[in-house]
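Participant: Just so you know, we're using UniProt numbering here: the sequence shown kicks off at 1 and counts up by one.
Source of the hints: derived by calculation from the structure; they are not laboratory data.
Watch out, some of these pointers could steer you wrong.
[Claimed, not checked] Capping the alpha-carbon separation at 30 angstroms, the derived lysine-lysine pairs in DSSO-like fashion look like this: (1) 26 <-> 121; (2) 12 <-> 26; (3) 39 <-> 26; (4) 12 <-> 45; (5) 130 <-> 26; (6) 130 <-> 12; (7) 39 <-> 121; (8) 39 <-> 130.
[To be verified] Simulated DEER-style distance windows between Cβ atoms: (9) 101 <-> 35: 18 to 28 angstroms; (10) 87 <-> 33: 20 to 30 angstroms; (11) 72 <-> 8: 32 to 42 angstroms; (12) 62 <-> 42: 26 to 36 angstroms; (13) 31 <-> 7: 18 to 28 angstroms.
Don't be surprised by glycine CBs; every beta carbon is placed ideally from N, CA and C.
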Amino acid sequence: MAYYFSTVIEGKTFEETIALTTAALKQEGFGIITSINMKAAMQEKLGKEILPYTILGACNPGFAYEALQHEPHIGVMLPCNVVVRALNEIATEVFAVDPVASMQGIQNPALGTMAQTVQSKMEAVIAALK
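Please work from the sequences and hints to get the whole structure.
Facilitator: Have a look at this one:
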């Protein structure tokens, strides 16, 4: 089972792709609660260069609240990560975690239906970018 969904966007800058991804997430009820600039982190911490790579922490507060009610340790799996990665100057890959795949190790049936709902929303985000 794949653990992520992805698409490649051509003809948009990295920054435009982040904006498009953020808008697609908003359409599905997610807000961005963290944004990690891996390019800057690798440069600062290791002195290494990588192409632009940003990890967006996407959260739907309603789903997060419900998950916490059923599984107090679920915080280690939150938020849903969506990555925007430059392939070159005119192509960017966007990939999002598959919550069903990531929840397989959690033995709590109450989370199964919710994970499937979030999975559908993440698939819709990626589809909206195609």
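Participant: Which hints from the list above does the structure break, by number from lowest to highest?
Facilitator: none
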